[in-house]
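Participant: Chains as they are written, first to last, in my numbering: chain A, 1 to 506; chain B, 1 to 126.
Bear in mind the hints are in silico, worked out from the structure with no lab data behind them.
Keep in mind that a hint or two might mislead.
Partner residues are not named here, just some residues of chain A that face chain B (Cβ under 8 Å, in silico) [claimed, not checked]:
{"id": "1", "residue": "Leu67"}
{"id": "2", "residue": "Leu68"}
{"id": "3", "residue": "Leu71"}
{"id": "4", "residue": "Ile140"}
{"id": "5", "residue": "Val147"}
{"id": "6", "residue": "Tyr180"}
{"id": "7", "residue": "Arg181"}
{"id": "8", "residue": "Leu486"}
{"id": "9", "residue": "Gly491"}
Glycine residues also receive a C-beta, built at the ideal position from the N, C-alpha and C atoms.
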Amino acid sequence: MSPLSLVSWNPSGSLLTVAWLLLPFLAAFLAALVPRLARPLILLVVATTLAMALAAWQGWLPADLLLLGPLGVRLQLDPLASPLLLLTGLVHGAVLLEGWGRELEKPFLLLLLLLQGGIHSAIVASDLISIYVAQEVVGISTFLLLVQGNRAPQLWIGLRYLLIGNSVMLLYLLGAALVYREQGSFALAGLERSSGMALALLLLALFTKAEVFISGLWLPRTNAVAPAAVSALISGGVVCAGLAPLLRIAATVESAGSLLRWIGLASALLGLIFALAERRVARLLAWSTISQMGMVLVVPAVGGLYALAHGLAKAALFLVCERLPAVSLDGWRSQAFPWRHGAPLLLASLSIAGAPPLLGFLAKEQLGLALSGPPAGLLPGAALPAAVLLLSVGTAAVYARLWRLPGNDAATAQAQPGSPGALLLVAALLLLNLSPWALEGWRTLVAQGSSEALLKSAGLLLAGLGLQRLWPKGPDGARLPDLEGLDDLLGGAVLVGAALVLLLGR
Amino acid sequence: MAIIDAIDGFRLMEALMLLTVFTGLVGLLFRRNLFLKVMGMDVMGTGVISFFVLVAARSGFRTPILDGTVAFPGGNDWADPIPQAVILTAVVIGLSIQALLLVAITRLASVDPSLDGGQLDQLGRD
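Extracted from the complex, chain B is given alone in its bound form (with noise of 0.2 Å):
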């Protein structure tokens, strides 16, 4: 760490999650396969949650909680709690979308096992 000049590695990190970002919309845009778009997806979650953990850290690394063995630090060291309690329940629901996501591809592979959107899109049409 000593090496990287903290803000140069701040800046750094939010580039490769951007780039993680944009790496699962490619997939999700570009892949014709149904369960890799929604894998694409993911990734999309992944960099988005990293990002928020990235902006909780710029105060600091320590964990925000006071359990009262050590006396109330002087430092202001402290990550951010708000940015991390907020994307906790983006990863919730994030995993439950998830999971109903590929329940309903379940569904759909008995209708064409080889998922392609493209084939299963002509479901909608009249």
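Next up, chain A with everything else stripped away, as it sits in the complex (with noise of 0.2 Å):
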């Protein structure tokens, strides 16, 4: 049967489909005309987005639109984009709440619209070129959310990112190219039969766009220099526009499937070392990005809904985290956190660290259910989910590092207000697993006894604080290698393709 058969042709469904992605670009001219009318916009997209994402869970709109004929744009609206999708739209939502009261720079929330639009494309795409055009857009805007404020090192990170962006994309081009070669189609459907040449080149691109492995190092220093908002857009958002093509691949072509899961555990333990090494707030909270991208590539199948519990609660954590007075790991024990600052940041990290009844307690049994089945590939059966276990041990570790009872004495009363941004998130890691994304999840769990679940969470907590405990102090920062200069970066996508190419060449 051809795949072009499956395709549901519904004109109504994918009018809505099409006026959906179109909306927050016409937003954003809107907007330049009439600045008073940004911030209602930008609350109509991300309603409109979170519509989206339900009505792609539950199925309510065709899954699959083909515009402009066989060799045209391909829009998968599917279980895979709705999760990302809600991701996107509730860190967007957090992002205008926490600026809503605040004089922002005047192009902020135009770029804001921008980035959305992009986000959005670059999610239900499913075809090479579209999804080059929608990681450019995302790209060119997070640049120049970057650049705002147009001082110094702002302006070398925002650089730094356009430019690695830009030339992984040349080599995403050059194997679109030769896909079309070898199939005469854009489509991802055809990557299963194109040459290891052409999806190495791919996926090379895709790891830096996903802030994986060695491809990801761009992002200590640029979430230790752009400011909160920013972080959290590029954690929770940009991150979903190189996920969403990663999870498509690697649901398409099932030879790639070890290959990603070796990659993931890899990027896994990077960043968990970097991590627990940190000396800095944001620095470790990019590290630990690196190590949990991994981790969703692990088992592509259930990446949907870790990447959705990863990047709500590190977006939190990023707006939390600038209304701290510290930003040093050094100091941290010895800071007093009211609960309007502690209360998110607690919760946020434990749903990363895996404590029920959050949202990242969830994403990691599912990790660890869909690890559980026959074994595939070369590890043993009982290897893979022990490695995994252990990686979540290690991540507990990490963010061990933050935890901190919070109170409230005479020291924190003149601390910042609370982050309203952070509080919508958190809330959305509690109260999503009564949502439909969630609610299966929760009865399989249960089904399959839960007591067994929340005993080993217990335990994973228990281990990770100890093993921060038993993790050498001191200066651990200096003896670890600094791989994140400009040429250390080209050197190391060009260190990764070549990798890729040998790995997959057949």
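Could you use the hints to bring the two separately framed chains together as a complex?
Facilitator: Below, the structure written as structure tokens:
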């Protein structure tokens, strides 16, 4: 059966989808003319995105759209896209809420709309060229968001991001051309039969965009320099644009599955080691993102939910940490955090570490369940779940560095007001458990025996706490190699590309 | 053209274009000057664009536009319009990204007029 015959053609449904994709760009034009409308328009875009995420999950709209003929644009509004859309919608909502009463840099809200438009397209696009265009829109808007304020470090970080992003996207285009030469189409479905060279070039670019492994090393410095709102957008929104195509490729190309799993594990380990040695909060969060994005790739089938839980918590952490006086972890223990900061901080970090009943717990359990099936690939049956368990202990140890019981005293009375955006995201971490995205997972979990899962989670958190206590203290950051210069990043990209070509060559 | 066999010609062109991409990549990697790095990226882009044009030319060289004056030709020596249309988008995107990069470089020149990548890397550190 040809893949085209699966495509359902529903004019009203496709019109709705296309209108939703165009909405952010039209809103940006309108907001440029009438700046007063910018915030209501962003709110409208966020609301429609949440509705589309629900529609995609429930299958209310045609999941597969082919516009402009068989060689045209293909959009997939399917359950794979749904959690990522939900995530980007919520994070944009939180960033909007965060800046609601504040005086913002003038183009910030416009750029937010453009970024939203780009990310939506990147998540639902399902042919190589639409993905390329969407990635570049996301890249340009992120660059412009990064250089807001015009200070030299911001300019440099933004320039680095755009230069690396565009260079790998050129290699991506080369890969796309190879696929077209071999298959006569840019459809993702053709990747399964395409050469390893083409797949390697595509994956290299998407790894950079999805902040995975060595390709993701641009992230720590970017997050350290960028304002908290932009960091939150990068780890909750921009990353979805790179993850969605990766998850789609993993679902299409079976032979890529075990490669992605290995790279995911390596990325998780790399991020953990650097996060445990890191002394600045923003950089710790960035290293942990690299680690968690690796975990997403270990089982791409449950990757969407995992990315959702991680993105919500990580964006909340960035928003809270901006309002804390300490940026160094050295003085973390001597600081007193008032409840309005301490509670979201604790809840969000507990979620990533996998504490019930937060969404992160469910995501971790689903990952564990998916791994407990029949073994795949080279590893013996128990080795992969064990590796993931160890990495989870490491994650708990990383976040144990942030845990601190909040309390109100005289010193905390003058602290900054709480972050409304972080509150929204943390509330989402709790309330989404009752949503259609999570209910099915909870049912499976209860059916499998939830007490065992709870015990495992408690043991995991305790082990993490213990590991964090035992981990050597001191200026460890200096001993780990610094791999984050521009030349290191470019060299790293070439290295990853060469490794992929070797591994996929067939 | 008669001397070079058509298929070999394609192979040769393909190799040259991939070599162009590689040259750009080498420039991007080994030049310390930021401006030259961006030029390296541009060379890479040129190689990729030519590769797309070459892929489009496999089925023929004639511009795939029917203007109504010529009766529909029976021959199949039209160039493939899809890669050509696609790469047009990439050309525009590449141009705008380069413009943005050059603006950022102009601003950074006030920090370090030599535009040395290694020096500028100190900016992102603590």
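Participant: Provide an ascending list of the numbers of those earlier hints which the structure does not satisfy.
Facilitator: Structure breaks hints 1, 2.
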